[in-house]
Structures are given as C-alpha cells and as structure tokens.
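There are 4 protein chains.
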Amino acid sequence: MQDVLVRTLEKVELHQPVLVEGLPGVGNVGKLAADYLREQLGAKPLATIYSKFFPPQVYVHENGIVRLVSNDLAYWKAPAGALHDLLILGGDYQGISPEGQYEITERVLDYCAQLGVKQVYTLAGFAQGRVVEDPKVLGAATSAELVETMKKFGVVFSRSDPGGGLIGASGLFLGLGRLFGMEGVCLMGETSGYFVDPHSAGAVLKILSKVLDVKVDLTALEEKAREIDKIAQRIHDAEQRTGEPASSGAPGAPREDLGYIG
Amino acid sequence: MQDVLVRTLEKVELHQPVLVEGLPGVGNVGKLAADYLREQLGAKPLATIYSKFFPPQVYVHENGIVRLVSNDLAYWKAPAGALHDLLILGGDYQGISPEGQYEITERVLDYCAQLGVKQVYTLAGFAQGRVVEDPKVLGAATSAELVETMKKFGVVFSRSDPGGGLIGASGLFLGLGRLFGMEGVCLMGETSGYFVDPHSAGAVLKILSKVLDVKVDLTALEEKAREIDKIAQRIHDAEQRTGEPASSGAPGAPREDLGYIG
Amino acid sequence: MQDVLVRTLEKVELHQPVLVEGLPGVGNVGKLAADYLREQLGAKPLATIYSKFFPPQVYVHENGIVRLVSNDLAYWKAPAGALHDLLILGGDYQGISPEGQYEITERVLDYCAQLGVKQVYTLAGFAQGRVVEDPKVLGAATSAELVETMKKFGVVFSRSDPGGGLIGASGLFLGLGRLFGMEGVCLMGETSGYFVDPHSAGAVLKILSKVLDVKVDLTALEEKAREIDKIAQRIHDAEQRTGEPASSGAPGAPREDLGYIG
Amino acid sequence: MQDVLVRTLEKVELHQPVLVEGLPGVGNVGKLAADYLREQLGAKPLATIYSKFFPPQVYVHENGIVRLVSNDLAYWKAPAGALHDLLILGGDYQGISPEGQYEITERVLDYCAQLGVKQVYTLAGFAQGRVVEDPKVLGAATSAELVETMKKFGVVFSRSDPGGGLIGASGLFLGLGRLFGMEGVCLMGETSGYFVDPHSAGAVLKILSKVLDVKVDLTALEEKAREIDKIAQRIHDAEQRTGEPASSGAPGAPREDLGYIG
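Residue numbers (numbering that gives the first Met the number 0), protein chains in the order written: chain A, 0 to 261; chain B, 0 to 261; chain C, 0 to 261; chain D, 0 to 261.
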C-alpha cells in the first residue's frame with residue numbers, strides 16, 4: 000500500500016492558507032488546542048490521512064461504529080478581507096516510528112504546499128516536571144523576523160529552553176517545512192507533563208488567535224481545565240490521606256501515567 | 000522480494016463472496032472459529048499468502064516435512080439459491096510489525112475485492128481477565144444499519160467495550176476495508192484471555208452461522224472446549240494442593256502463558 | 000542502495016549444482032560445518048553478498064585491513080562423472096531483522112536458481128540444553144521421499160523435535176526454496192547450545208558427505224572439538240574449586256555466553 | 000519522501016578531493032576532529048544531507064531559530080600545487096537504525112564519487128575504558144600499502160584492537176567505499192569512553208594533518224581539552240569527598256553518562 004494515503008473529501012480553493020498543526024504529545028496541549036480551534040471556528044473536513052506508520056487500530060465509537068485511526072485536515076474560510084484562510088491538522092497519533100514521522104510529515108506538507116501554504120504554526124506542550132500555575136508560551140521559529148514578531152505577541156524565547164530541541168511532529172513540520180519554502184513557528188505551552196492540560200492549551204490559543212487575528216471563545220476550554228484541576232486535587236488528597244500514591248493499586252505503573260485523564 | 004506474495008492455487012468464480020477472517024489473537028478465538036468453519040464446510044484452498052512481515056520460520060510436521068508460515072484463503076461455494084459464497088482467511092500469524100499488518104491486510108483486501116467481496120466478518124476474542132462461564136459476543140461494525148442487524152442476532156454492542164478500540168487484523172480488516180468500499184462486522188467472543196478458548200469460538204460461530212445462514216455442527220468444538228476445561232481444572236487443583244501456581248517450576252514465566260495449551 | 004547486493008567474482012558453469020547453507024546460529028554448528036566443507040574441498044569464491052540487513056560493521060584483520068561483513072558463495076566442481084557440483088553459502092551474519100532474513104534468503108535463492116540449483120541442504124545446530132556426548136543429526140525436509148532417503152543415511156526424524164519449527168536461515172532456505180521449485184533438507188546436529196560445537200558439526204558433515212558422495216577428512220575438525228572440550232573442562236574445574244561459575248567476575252553476564260570461545 | 004536527501008548549496012569543481020568523515024561516536028572524537036578541521040581550514044558548506052533515518056528532530060539555536068538535524072559536507076580548496084582538495088563530512092547524528100546507516104553512507108559515497116573522491120579518511124574514538132594520558136592513534140585500512148604508509152605517520156596497527164571490528168559510519172565508509180572503488184583509512188584516537196575527548200581528537204588531527212599535508216593550529220582544541228580535564232577533576236574531587244559518584248542525584252543514570260559535557 001502507499002506509505003501515506005491522503006483522501007480528499009472536498010475540493011476547495013483557499014486564500015493564502017496557513018497551516019496549524021496540533022497532534023497528541025506532551026500534556027496533549029497541541030492536540031487540545033488544535034481540536035478546540037477547529038471546533039470553535041467550525042472548520043470543515045478537507046482530507047483524511049491514513050498510514051501504515053500509525054498503529055494498526057480502529058476506534059469504536061459509543062454507537063458501535065469503527066473508524067480507522069488517522070490524521071485529519073480541516074479548513075476554515077476566513078471572512079472577506081482577512082489575510083489568511085486556515086488549515087488545521089489534528090489526529091489520533093503521530094507516526095509511531097522515526098521514519099514514519101518523516102514520511103507522514105513530508106506527505107502532509109506536500110499536500111499543503113499544493114494548496115498554497117507558506118506558513119506553519121505548530122502547537123505543543125513543554126514539560127516542566129512541576130505544576131505550572133500560569134503557563135508561559137515558549138517559541139521557536141524558522142527566521143529572526145518571525146522570532147521578533149512573536150515576541151511582540153508575548154511568546155517567550157528562552158536561551159536554555161527547549162535545550163534538546165524539538166522532537167516529533169511539532170519540530171518536523173518546521174524543519175521539513177523549510178524544504179518546501181515554508182516559514183513557521185512552534186508555540187509551546189508550559190505544562191507539568193503529568194496531566195492532560197487544557198489550561199496550557201488555552202494559553203497557546205490565546206496567543207495564536209491574536210497572531211492569526213481570529214476570534215476564539217475560550218470559555219469551554221477553561222471549564223475543562225477546571226474539571227481536570229478538580230480530579231488532580233482529588234488524587235492529591237487521596238494520596239495525602241493514605242500516605243502513598245493513589246495509583247499504587249496498579250503495581251509497576253508509573254504514577255505519572257495515572258494523570259492522563261483528559 | 001514482494002512484501003506480500005499471494006499464490007493462487009485455483010481459479011474460481013464466486014457468487015457475491017463474503018470474507019470471514021480469523022487469525023491468531025486473544026484466546027485464539029478468531030482462529031479457532033475460522034479454522035473450524037473451514038473444516039466443517041469443507042472449504043477448499045484458494046490462495047496462500049507469504050510475507051516478509053511474518054516470522055522467518057518454517058513449521059515441521061510430524062512426518063518431518065516443512066511448511067513456510069503463511070496465511071491462507073479458502074473458498075466455499077454455497078448451495079444454489081444461497082445469497083453468498085464464502086472466503087475464509089486463516090493462518091499461522093498476524094504480521095509481526097505494525098507496518099506489516101497494514102501491508103498484509105491491504106494486499107489481502109485488494110485480492111478479495113477483485114473476487115467481488117463487499118462484506119467482511121472478522122472474528123476475535125475479547126479478554127475479560129476473569130473466567131467467563133457463558134461468553135457473550137460483542138460487536139463493532141462499519142455502519143449503523145449493520146449494528147442494528149447484528150443486535151437482532153444477539154450481538155452485544157457495549158458503550159464501554161472495547162474501550163481502546165480494536166488492535167490488529169480484526170480491526171484493520173474493517174478499517175482498511177472501508178477504503179475498498181467494503182462493509183464489515185467484528186464479532187468478539189468474551190474469553191478469560193488465559194486459555195485457548197474453543198467455548199468462546201463456539202459462541203462466535205453460533206451467531207456467525209445464523210448471520211450467514213450456514214449450518215455448522217458445533218459438536219467437535221464443544222468436545223475440544225471440554226478437554227481444555229479439564230486441563231484448566233487440573234492445573235487449578237494442582238495449585239490448590241501446593242499453594243502456588245503449577246507453573247512455578249519455570250521461573251520468570253508468567254502464569255498465563257502456561258494456559259495456551261490448545 | 001539495493002537491499003541485497005550480490006557481487007559475482009567469477010563466471011562459472013556448474014553441473015546440476017546443489018546448495019549447502021551454513022550460517023552462524025545455535026552452537027555455530029551450521030557455519031562450522033559449511034566453512035570446513037568449503038576449506039576441505041578447496042571450493043572457490045563465486046560471489047559476495049552485502050546487505051543493509053547485516054550490521055553496519057567492518058571486520059579488521061590482524062594485518063589491519065578491513066572487510067565489510069557479508070555472506071559468501073563458493074563453488075566446487077565435482078570430479079567428472081559425479082552427479083552434482085556444489086555451491087556453499089557461509090558468512091558473518093544472518094539478516095538481523097525478520098524482514099532482512101526474508102530479503103537476503105530470497106535474493107540468494109534467486110541467484111542460485113539462475114545457476115541451476117534444484118536442491119538445498121541447510122546445516123544447523125539443535126540446542127538440547129544439556130551436554131550431548133554423541134550428537135545425533137535430526138532432519139526436516141520438503142518431501143516424504145527426501146525424508147525416507149535421509150533416514151537411510153542415519154538422519155533422525157523425531158515427532159517432537161524441532162517442536163516449534165525452524166527459525167532463521169536454515170528454515171527459510173527450505174520454505175522459500177519451495178517457491179523456487181527447490182527441494183531441500185535441513186540437517187541439525189544436536190548440541191548443548193552453550194558452546195561452539197565442532198563435534199556436532201562433524202556429525203552433520205559425516206552424514207552430509209555420504210549424502211553428497213563427497214570425501215571429507217574430518218581430522219582437523221575433531222582436533223578443534225578436543226580443544227574446546229579441554230577449555231570447557233577447565234572452566235568446569237574452576238567452578239568446582241570456587242563453588243561458583245568461573246565467569247562470576249563479569250556481573251550480569253550469563254554463564255553460557257562465556258562458552259562461545261570457538 | 001526520498002530516504003536520503005542531499006541538497007547541494009554550491010556547485011564546485013574539486014581537484015582530486017579526499018573525503019574526511021567525522022560523526023558523533025565514542026568520546027565524540029571523530030566529530031570534534033572533523034568540525035575543528037573544517038573550522039580551522041575555513042571550509043565552505045557544499046551540501047546538506049537530510050534523512051528519515053535521522054531522529055525526527057529540530058535543534059533550537061539560542062536565538063530561537065530551528066534547524067532540522069542533518070549531516071553536512073564542506074569543501075576546502077587546497078593552495079595551488081597541493082595534491083588534494085578536501086571534503087569534510089560532519090553532522091548531528093549517525094543513522095539511527097542499521098539499515099539507515101547503510102542507506103545514508105551509500106548515498107553520501109555516491110555523491111562523493113561523482114565529485115571524484117577516491118580516498119576516504121574516517122575519524123573515530125577507541126574506548127579503552129580507562130583514563131588515557133597520552134592517546135595513541137590506532138588504524139585500520141583498506142589495503143596493505145595504506146597500512147604501511149600510515150605506520151610511517153605514527154599510526155598504530157594492533158593485532159588485537161579493534162577486536163570486534165568497527166561498527167557505524169567510520170567502518171561503513173571504508174567497507175562500502177570499496178564498492179565505489181575508494182581506498183580508505185580509519186584513524187581511531189584512544190579515549191576513556193567516559194568523556195567528550197578533545198585531547199584524543201587533537202592526537203587524531205595531528206596525524207591527519209601530516210598525512211594530508213595540511214597545516215592545522217591545534218591551540219584552541221588543546222584549550223578545550225584542558226577545560227574538560229578541569230571539569231572531570233572537579234567531579235572526581237566531589238566524589239572523593241562524598242564517597243559516592245557525584246551523579247548519584249539522578250537515580251538510575253549510569254555514571255558514565257554524566258561525562259558527556261563537551
């Protein structure tokens with residue numbers, strides 16, 4: 000079979016489209032942000048991406064219907080006079096092997112290049128290993144001009160973070176994007192790394208919506224953040240009472256895993 | 000070499016054939032059911048599937064003769080007036096890498112599509128992690144119509160199971176089958192997950208034979224189930240006497256492994 | 000690069016050539032036997048096989064000169080009137096991934112088929128997990144006729160061994176060989192599995208030389224076997240004295256590893 | 000995408016160019032030496048090599064700008080009358096799978112062959128597992144003539160080292176280079192294996208510069224070596240005081256890992 004298969008659902012003409020990528024990763028920040036953006040804008044399905052570099056898996060919906068795991072491109076046509084239409088990439092998984100990550104990213108970029116994309120925003124979480132009350136949004140970009148522009152929007156460029164660079168889709172879409180002549184920015188919301196973090200996703204979206212000059216109502220996301228906070232608090236309280244991690248019932252399971260309750 | 004090699008043994012014309020898949024997996028339920036169906040119907044060999052995504056292995060029969068590991072398609076011509084001929088896919092292994100699973104499934108589906116297949120039934124086990132006296136058959140399907148039809152045959156569609164979706168051939172044949180325009184159903188027999196489970200395979204076959212309107216005598220399968228029950232009982236008794244798992248002689252071996260005595 | 004690259008060193012015409020395969024494996028029995036056969040017959044280099052499925056490694060000879068790891072085909076022209084010329088396959092490694100094993104085996108078989116090979120003998124060790132004083136030679140074959148013929152030469156066909164089939168090149172050359180219309184036999188010398196075992200290799204060669212009607216002087220191989228026996232004895236004695244394995248100085252190293260001193 | 004993508008930055012004609020390879024590895028000796036040589040000679044960027052066999056990663060510079068991981072070829076035009084121009088290969092990673100190593104090496108060699116390369120020098124470290132005060136430079140080569148020539152330059156050819164051969168790029172460039180008709184030498188600086196070792200890189204460069212008849216000022220490299228020595232000494236002192244490894248704060252981290260502080 001083809002390594003990566005892109006199924007176009009609708010043929011569209013887009014005006015100087017910008018690609019926003021948000022796939023599962025640290026704190027699921029990128030995916031939460033991209034999915035929320037898509038929902039709030041009412042972006043429409045454009046293409047489904049299947050690949051042998053995803054797990055051999057179908058999801059089963061509550062109604063019993065199966066769906067092959069995929070990535071998905073949606074498009075949003077901006078109001079007349081706006082600078083850019085949007086393409087939003089979300090999905091179930093990143094490629095599960097290094098080679099797969101390259102293959103999928105390259106194929107999606109090629110597809111987007113044909114739609115006229117020249118700019119990419121990748122959304123991600125940045126794990127701090129500690130609770131983050133007021134998450135900053137860290138940045139990395141493909142040019143000095145973009146770095147300066149982003150600083151004006153409140154993005155933090157740190158000399159030391161991310162020290163080891165960016166691993167996975169959020170980095171690769173910028174790095175390979177250059178080979179397609181695209182400029183790009185990675186926006187990383189600080190997060191503990193222990194929980195799915197809608198709070199951090201909100202911080203990322205707040206900046207992104209300004210950058211893209213798009214209105215996004217963050218109320219529902221903040222509501223979700225409060226719910227997660229409550230669950231985290233309850234786990235914490237339980238541990239205080241028993242004197243040991245609440246997850247101790249599952250021997251061998253690292254405590255952090257429990258946290259993924261989004 | 001070709002990634003997946005399909006060797007056709009006989010050229011046949013089939014009448015609206017339906018594909019039934021049953022490969023090794025949880026409790027070997029799918030494989031047991033498909034192999035038994037094939038045997039009872041006297042289905043004939045149609046094609047052998049070799050692949051570099053199977054282990055590099057030959058089996059040695061009791062007579063000393065070797066056979067390269069493979070998957071196998073058999074066909075069954077239904078009596079005149081019946082709706083569907085059958086294709087039955089069985090074999091020694093599923094592909095041993097995620098990519099291999101995609102490649103093999105896609106190749107077999109492509110082959111079946113050329114034979115006119117439009118419907119797929121995949122058979123599997125669903126591990127409950129506890130002894131299951133009277134196994135239900137859980138389902139997942141590609142459309143709401145199929146879900147409703149299956150319910151009438153006694154298939155259970157649960158909101159929570161299978162929570163993580165279906166991994167492996169039984170899911171992939173449905174998910175990729177959609178890309179070939181095929182509809183499909185996965186039938187999952189509840190099983191402990193500790194033993195090869197002909198009992199669960201029988202539950203699956205009982206429903207499948209009604210769905211396909213095919214007569215299958217389940218006597219021999221039930222006999223096999225009773226044998227396995229006896230062995231399980233003996234192991235259980237031995238443990239009771241010694242106060243520890245009967246398998247404790249093999250240090251480091253998980254107890255469940257012992258159970259695969261089919 | 001090509002997945003598997005066969006470099007022909009000399010162009011030859013061979014008379015009904017038979018392929019003998021012996022690559023590294025259990026007790027190195029197959030490799031020892033094939034290399035010894037090649038040396039004793041004075042077989043000449045025919046082709047070198049390189050592959051990305053071997054480790055990315057060069058060997059450095061004592062004189063400081065490097066050599067890329069490979070497999071190698073040698074040929075031997077039998078005296079006039081003999082039935083078969085020989086091709087002997089040896090080498091540094093088997094393919095290091097399952098897919099690689101398939102790719103390399105298929106490529107070599109294709110090459111051999113073009114030279115007229117219709118029969119394959121694969122040589123291997125069969126690990127008994129205990130010291131074997133007088134190793135039997137177990138067999139597996141592609142046809143009932145070959146099984147009967149081999150029995151006459153003293154090859155043992157056991158109902159239970161090898162229970163799990165044959166994994167690796169020795170099985171694959173038979174299994175894939177069938178797809179090239181070749182018949183074949185695997186000869187497995189019993190061995191402990193702890194030591195490189197020239198003694199077992201000798202038992203295999205004794206039978207193979209009768210089967211192929213080729214004279215092979217086994218003196219040097221037996222001498223090597225005696226040396227290994229002495230080393231094993233010394234290790235055993237040292238353990239008796241100290242009350243613990245002689246290899247205990249290297250924490251974590253399994254004792255059996257020590258044994259590979261051929 | 001292409002498995003390995005070579006982007007030429009400038010079109011050049013080179014005079015009998017010699018390839019010098021130095022990629023990350025033991026003590027980073029090879030990379031340090033190649034990078035330093037490139038810097039000292041003021042070699043110019045010729046081509047960038049991207050590959051799906053590298054990690055899916057971008058580096059983020061201190062100024063916030065990302066760069067996709069790569070290997071890089073630089074060229075240096077020797078003064079008129081000199082025998083050879085130089086090509087210098089450096090980079091962030093070696094291929095991360097065995098197959099990837101073969102693919103990348105073969106592609107780079109093919110590119111270099113088209114530029115006229117007939118000779119390759121690969122630079123590496125040789126781990127002694129103990130502190131090495133005055134590192135020797137061990138060698139391996141593709142011909143007896145080269146071995147003799149290298150001995151005159153002080154390269155040590157040892158009967159026992161490297162016992163297991165060379166694994167990775169430094170070996171593969173010689174082994175695969177032969178298939179392109181190239182001769183080659185591997186120069187291995189002795190090193191502890193615990194630290195990034197500019198001292199060992201200096202020893203390698205001292206010999207290489209004589210072999211290539213190129214002047215290289217080693218002052219800055221020696222300065223870096225002294226800094227590393229100081230850090231190592233401080234770690235050692237801290238351990239003496241506390242009676243345990245200074246790295247004990249990071250449970251589970253092997254002590255040697257700490258040493259990579261270049």
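Note that these hints are calculated values from the structure, not bench results.
Hints are not guaranteed to be accurate.
Each pair of labels, with its calculated beta carbon distance range [unchecked claim]:
hint	chain 1	residue 1	chain 2	residue 2	range
1	B	Q1	A	K10	47 to 53 Å
2	D	E238	C	Q1	25 to 31 Å
3	A	E226	B	Q232	55 to 61 Å
4	B	E144	C	S159	47 to 53 Å
5	A	K209	D	V11	30 to 36 Å
6	C	L178	B	S142	57 to 63 Å
7	C	A143	B	I95	26 to 32 Å
8	D	K43	A	I230	16 to 22 Å
9	B	E222	C	E144	33 to 39 Å
10	A	P44	D	K43	45 to 51 Å
11	B	S142	A	E222	40 to 46 Å
12	C	I95	B	R6	26 to 32 Å
Backbone N, C-alpha and C fix where the C-beta goes; we use that ideal spot for every residue, glycine too.
We went through each hint and held it up to the structure:
no. : hint                         : in the structure
1   : Q1/B to K10/A: 47 to 53 Å    : violated, 35 Å
2   : E238/D to Q1/C: 25 to 31 Å   : violated, 51 Å
3   : E226/A to Q232/B: 55 to 61 Å : violated, 48 Å
4   : E144/B to S159/C: 47 to 53 Å : holds, 51 Å
5   : K209/A to V11/D: 30 to 36 Å  : violated, 46 Å
6   : L178/C to S142/B: 57 to 63 Å : violated, 40 Å
7   : A143/C to I95/B: 26 to 32 Å  : holds, 31 Å
8   : K43/D to I230/A: 16 to 22 Å  : violated, 57 Å
9   : E222/B to E144/C: 33 to 39 Å : holds, 36 Å
10  : P44/A to K43/D: 45 to 51 Å   : holds, 48 Å
11  : S142/B to E222/A: 40 to 46 Å : violated, 34 Å
12  : I95/C to R6/B: 26 to 32 Å    : holds, 28 Å
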